[in-house]
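There are 4 protein chains.
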Amino acid sequence: MGKDFIRYGMVGGSADAFIGTVHRVANRFDERTRLTAGCFSRDEEKNRASGAAFGTERLYASFQEMAEAEGRREDGIDFVSIVTPNVSHYEVAKAFLAQGINVVCEKPLCFTVQQAEELAALSREKDLLFGVTYTYMGYPMVKFARQLVREGKIGRVINVSAEYPQEWLIDLLGEASSTAQLSGWRFNPKVAGISNCVGDIGTHIENVVAYVTGLKIKRVAAAVDYFGQELDLNANILVEYDNGAKGNYWCSQVSMGHYNDLVFRVFGTEGSLEWHQEDPERLKVCLKGQPMQYYYRGTGDIYGAAQACQRIPSGHVEGFHAAFANIYRAYSGAVLKKSRGEALTEADLDFPTVEDGVEGVKFINAVVASGKKDAAWVAL
Amino acid sequence: MGKDFIRYGMVGGSADAFIGTVHRVANRFDERTRLTAGCFSRDEEKNRASGAAFGTERLYASFQEMAEAEGRREDGIDFVSIVTPNVSHYEVAKAFLAQGINVVCEKPLCFTVQQAEELAALSREKDLLFGVTYTYMGYPMVKFARQLVREGKIGRVINVSAEYPQEWLIDLLGEASSTAQLSGWRFNPKVAGISNCVGDIGTHIENVVAYVTGLKIKRVAAAVDYFGQELDLNANILVEYDNGAKGNYWCSQVSMGHYNDLVFRVFGTEGSLEWHQEDPERLKVCLKGQPMQYYYRGTGDIYGAAQACQRIPSGHVEGFHAAFANIYRAYSGAVLKKSRGEALTEADLDFPTVEDGVEGVKFINAVVASGKKDAAWVAL
Amino acid sequence: MGKDFIRYGMVGGSADAFIGTVHRVANRFDERTRLTAGCFSRDEEKNRASGAAFGTERLYASFQEMAEAEGRREDGIDFVSIVTPNVSHYEVAKAFLAQGINVVCEKPLCFTVQQAEELAALSREKDLLFGVTYTYMGYPMVKFARQLVREGKIGRVINVSAEYPQEWLIDLLGEASSTAQLSGWRFNPKVAGISNCVGDIGTHIENVVAYVTGLKIKRVAAAVDYFGQELDLNANILVEYDNGAKGNYWCSQVSMGHYNDLVFRVFGTEGSLEWHQEDPERLKVCLKGQPMQYYYRGTGDIYGAAQACQRIPSGHVEGFHAAFANIYRAYSGAVLKKSRGEALTEADLDFPTVEDGVEGVKFINAVVASGKKDAAWVAL
Amino acid sequence: MGKDFIRYGMVGGSADAFIGTVHRVANRFDERTRLTAGCFSRDEEKNRASGAAFGTERLYASFQEMAEAEGRREDGIDFVSIVTPNVSHYEVAKAFLAQGINVVCEKPLCFTVQQAEELAALSREKDLLFGVTYTYMGYPMVKFARQLVREGKIGRVINVSAEYPQEWLIDLLGEASSTAQLSGWRFNPKVAGISNCVGDIGTHIENVVAYVTGLKIKRVAAAVDYFGQELDLNANILVEYDNGAKGNYWCSQVSMGHYNDLVFRVFGTEGSLEWHQEDPERLKVCLKGQPMQYYYRGTGDIYGAAQACQRIPSGHVEGFHAAFANIYRAYSGAVLKKSRGEALTEADLDFPTVEDGVEGVKFINAVVASGKKDAAWVAL
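Chains as they are written, first to last, in the numbering used here: chain A, 1034 to 1413; chain B, 1034 to 1413; chain C, 1034 to 1413; chain D, 1034 to 1413.
There's no promise every hint is true.
Unchecked claim - Quick list of in silico lysine-lysine cross-link-like pairs, DSBU-like style, CA-CA up to 30 Å:
(1) A:K1317 <-> C:K1317
(2) C:K1186 <-> A:K1317
(3) B:K1405 <-> C:K1406
(4) B:K1406 <-> C:K1249
(5) C:K1079 <-> D:K1406
(6) D:K1371 <-> A:K1249
If you are wondering where the hints come from, they were derived from the structure by calculation, not from laboratory data.
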C-alpha cells in the first residue's frame, strides 16, 4: 500500500516572505502535502520563529545539512521547495538532487545555461521530478488555450504578441531614488544574475507562450533598457520561432498603469487566442467564420486539463493562489504516483519542469546578449 | 499566556461538497485554525472517509453528540462551522451555542425571522461570536467601498442599483427538465425554506449593499418569478432605505451569460461606486469634478481595512478563496483575541455576524411576501 | 419619372441648438434631402442668421405660416422636422399634417395620450408618414438584436433589465443650485410636460426594448424621485409585458459616472442579448450550449437590416450621427418611394413611427402616475 | 469682406468608393465646403453618374484638365481632395499645387521620400496648405492625449507600445485564395507602392504616436512578413526615438479578432496614456500617486483643442465620421482664414500636413528596408 500524503521541505521563505507564503498556501489547498522540514532563513531566530509558525518539526541551520539529513531518513521529505533568491537556486537544487530528493524551484532556475542543463541532466540521471514554478501554467484558461492550439482550432501559428508590464519600479527613473531601497537584491547582479526585469517577468512570457503554442524560440532581437541602473528595467523584443513565425514580446517594471499585466495573444491561420492574467477566468477566442467568443472557466464549454483543475463554479474567481495550487497539485500528484511505483503519463507531467527552466535561462541570456549588441539577433 | 491557534469543528461539508471545501481551504490560508472535530455527513462511511481525508481526530455521528462532547472537553473546539443545507442551520447553531461554543453558519441563517432573532439573542446572552458567511464582505475592494462611503466621499446615498444574476438553472424553463435532477435540495421547501433564488443569492445583494452603505432597507416591492417551480427563480425588486433613498435589486438563476455576477452600484450626492464580483480587484469611483477612477487592490491607493486584508501584490488576482479566507481570518482573530481576554474593537468585528444573518432572513421573507401580494410594499 | 431627392423643412433648431444640428448633419449623410424651408426660431434675427448659415431659401416667421405656404406650393417640402421643446410638438405636428405634409418629430411626441392618439389618427387618415426620432432604433446592432429575437434565437423572453443613467443634473441635488440655470425649459412643466427624466430618457428605454423584443408593456410600478424639484430626476421601475415576462427599468440624470448610458439586456428561455449605447458597435449574445459571443457591426457575421444600414468597415466606429442618419435614411427613403407611388413594405417602415410615439407617451404618463401612487401598478 | 464658404474638388472617389464617401460626409458635417468640381473616375460613365449624384457642377475627364481649368477660374476650387489609389497621389498633388490650388491627399502621401519632399517643398514655395488625411489626429481624445504630454503630465516619454491589427486579409494565408480577388490594387506594387500593410495602416501608428508624443523616430528594426505575397501583411517593429526612448509597433491584416484596432500606449517617467480607436471616447491616464483614470470626451474634464472639436454631449459616441470631419474642419478653417488674408496660428494648423506625409513615407520605406535586411536597424 502506498502513501496518501507527501512530506515536503522548504529552503528560504521565512514567515515574512511573499512568495514563500504563496507556496505554502498553494500546498494547503489540496491537503496532500505536509511541510515537514525547513531551512527558512540563515538568520537563526527567523528560522526558528518560522518553523514554529508553520508547525514544522524538523528545522535545519543550512540547506546542506537539511539535504543530507532528509536524504538519510526513511521518512525524509519527498520533495523540497526552493524559494531563495536566484543566486542560490543552482547549488541548493543540486544538493537535494544529489541526495535523491525531488525538487521544486522558483524561477529563474539559475544563472547560466550550463548550470541549468546540468540540473536537468542530474534530475534525469537520478530519475527525479523537478518542477519550476512558472505560475501561469497553472491557470485553467491557459491550459484551455493550449488545448485549442493542440486541436488545431487556430491553425498554424503565424504571429504572437505578448507582454508583461508592471509599474512598481517607476521611481527608479527619477534621479533621487535609491535602487537598493526600492528593490533589494533584485538589482544586485551577484544575487539576481544578469537580469532584473527579463529574469523576473520576461521569462514568464517565454514560458507561457511556449506552453500554449508548443513553439520554441529560435532567436531574439532585443532593445533592453537600463535607465541608468546596473540591471534592466524594460525590454522590447522581436522573436522568431522554430516554425518561422514571428512575434513581439515586451516586459517592463516602469510602466504606469500596469500592475502584473501578463497578456498573450496568439494568431494562427484559422483564428486567435487572447488571455489576460489580471482577468484570468476568460479566454478570448476568435475563429474564422464565427463571432468573437469568450470561454469562461467553470462553464460547460470547458473540457480537458482545464476542466480537471477547476475548483469552484464559474463566476467565482479562481485567482493566483488557486493557480499556484494547481502547479503543486500536479507536481505532488506525480510525486505520489511515482512513489507508488505507477507509470507517469504525459497528463501527469502537466506542470513546469526543469526543461522549462532551461528554456527560461536560455531566453534570459539571449535577450540580455542581444541588448548588449544593439538588438542584433541572438540564437537561443 | 494565550493560545496561538484555534480548534474548529465542522458540521456538514463531506469531502465531495463544494462549500465545505471552500470553508476548509479558507481556514488553511492563515494557519491559525485546525479542523479538530467533525460531523461531516449523516452517512457513516462518508463521515469516516472525510475525517480521514481531512486528518480530523474527533469524529461524531451526530451534531448533537458533537456539541455536547466538545462543550465538555477542556480542549474542545473554539468554534463550529455549519455548512449543512438551510433546514438544519437553526437547530445546529442552537445546539452549539447552548454548549457555549462560537458559531460560523452558512447563509441564509435560518427559515424564519423568529428563529434568526432567537439565535442572535442566544449568542448575545452567551457572549459568543456568531459569524454568517456572507462571502462578499471579505473582498478588499468591498471594504474599500465601505470606507469611501463612511468618509463621505460620495455624499448622501440617493439610489442603489444592484444585481446577482446567474444562468445555471436556465434548463428549468424548459418543459422536459426535472427540478430534482438539476438542483437537488434547493427546490425542496422543506430543506431550502420559502425561497430558492432570493434565499441563495438575493440575500447576498442585501448584505453587501448594507455593508457598503450602512443603510437598512425599510420596505421592498417585488415581482417574483417561479416559472412553474415551487420555489422562485428570478426576482425584480424595488427597495426603499431608512434614509429615504430608493433602489432596484435583481437576482436570477435563469439569465444566460451570467455566471455569478453580483454587481452593486451606489449613487450619492457627490459621487458613485461600482463593484463587480467577477472582476473583484478594482472599484470604480466617480466623484464630482474628477475623471472616472478605478482603484485597484494592492496598490498604494488603498488604505484602511481593505489594505489590511491584502495578501499578495496588486495585479495578482485574489479570488473567491482569499475573500473567504478574509472572513475566517477576521472571525478567528476575534475568537482568539477574546479567548485571551482582550477587548474587541469595531475593527475586530469586521466580519458578517448573526445580526447580518437576521437582516438577511427578514429580507428573504419580505421579498417572497411581496411577490405573493402582486408586488405590494412589504416592510422588513 | 420620380424625384431623386426630397425637400424638407425644419421648425426649431436654430444654429446654436444641439439636436437641430444633429438632425441636419444626419440628413446630409446621404445627400438625399435638402433643407429648403425653415422656421428655426421665434427670434427673427436668430431665424434669419440660421437660414443664412444653412443656405435655406424659404424662411418663415411662424410655423403656421410655414405649414400653410409649404402646403400650397407645388415644390413644397416633402416633410418637416420638428425639433422644438416638447410643448409645441403637438400643435406643430398637427398643423403640418393638416396641410398634407409628412412629419418627423422629436420625442416625446406630446404631453397626453389623447394628443398622441389624435396625431396617430390624423396621420393615418391623411395617409402621411410620421416619424419620431427615437435615435437608438437607428443603430445597426440594435437592429441585429431585434433580428435575433425575431428568429427565436433566445427563445421566449422571460425578463428584461434596461437602464438609462446620466450624471449631468447631479448638481440639482445640492441645495445651492438653481434648476433654471442648469436645465432650462426641461424643469418647466408648461414646456416639458409632466416629466423631465422619464420623458427625456426613460422613454428611450421603453422604445428600444419594445423594438428589440416586440413586447408591449402591460403595466408599470415605479418609484419616482424628485429630490425637491418640480419634475422627476430618477425612477426605478418594475415592468410587466403582455407575454407575462417581467423586467426592471431605471433612468436617472443624477448618477455620477454615467454620461448617456443606455443599456438593455433581454433574457429568454434559450439565451440573452446585451447592448450598450456607449459601446454601440457590438452586441453580446449568450446562447445555451455556446460560449459567450460578441457580434460586431461591419463583420461578416451580421446580416439583414443591420447589415443593410452599415456605412463603413468594421472597427471604424459608427457613432450617434450615423445612427441618426439611419433613421432619416429609412424615413426619407419611405417618403421618396411613396412619392413615386410605390408600395411600402415592412422593411421600408423600419423607423420609429407615430405609433412608437404613442407608446412612449403612454409609458411616461403611466410611470409618473405610478410614482404618485407609491409605486402601485398602473396599466399603460 | 471674405468668403464664408469654400469650394472644393475631388479626384477619385466615385459613388461606390468607401473613402471618397467618407471625405464627402466629413465635409458636410460643418456646411463650410461645397463640392464644386470633380474627376471622380476615369470611366466616363461612372464620372458622370457620380457628378449627378453629388450635385457637382463642374466635371472633368482628367485631373490635368481639372487642375488647369480650376486654376484659371476666378471662382475656382479652394482645395482639391485626392482620394485615388496611392500610385497617382504624387502626380495629382503636383498638378494642383502647380496651379496654386491647396491640396488634401489620402495617405500614404506617395511612393518615395524624394517625391514626398518635393511635394512638401512645392507647397512651401507656393505658400499653399497641404493636408494629408491621417484620420486619427481628428479624434478629440487623441488631441487630449497630446495636450497631456505637452503639459508634462506623464514626464519624459521612455517607451511606446502601439499597434494596428486587422483581420480582413486572413484568407490570404490559405493556399487556395487569390490575392487579386481579395484585395484589388493593394497587392499590386505598381499601384500600391512597396508596401501593403505598413503603407496602409502601419503608417497611422507612426503618425498618431508622433502627434501625441512630439517624438520623431530615429531608426527602426523590423521583421516584416509576406506569407508568400508580393507585398507585406504583418510587421513587428522595434523603434528608437530621437530622445532615446524605445518602442514596439505591430501592424497586421491577418490577425483574427481585430477589425481596425489601432491602440497606442505611451509611457513616461511620471505616468502613461492609452487610447483605443475602437473605443475612441475615452483616454486611460495613469499618473504616479493617483488611481487609474479615464477621461471621457464631452465631459467637463476635457479642455483645449480636444474640447474645441467636440460636437455632441458626452456619452453620445462621436465616431469615425466625426473625427474625419474634424480634420476637414481644421483644414478648411485654415484655408478660409488664409483666403481672408489672416495670419494662421499653430492652433489653426492642427491637422495632418504634408510634413506628416513625408514622415509617413520615410517610415514605410525604412520598415520595408529593415525587413529586407533581416531586421537590421534602418535610419529614417
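Evaluation of the provided hints:
The straight-line distance between the Cα atoms of A:K1317 and C:K1317 is roughly 13 Å, inside the 30 Å bound, and the hint therefore holds. Pair hint C:K1186 plus A:K1317 holds up; C-alpha atoms about 22 Å apart against a cutoff of 30 Å. Proposed proximity of B:K1405 and C:K1406 is supported: the alpha carbons are some 20 Å apart, at most 30 Å. Restraint check for B:K1406 and C:K1249: satisfied, since their Cα atoms lie roughly 23 Å apart, inside the 30 Å limit.
Distance check on the hinted pair: C:K1079 and D:K1406 sit about 65 Å apart at the alpha-carbon level, beyond 30 Å; violated. Annotation: proposed proximity of D:K1371 to A:K1249 is violated, straight-line Cα distance about 60 Å (limit 30 Å).
Checked against the numbered hints above, the structure violates hints 5 and 6; every other hint is satisfied.
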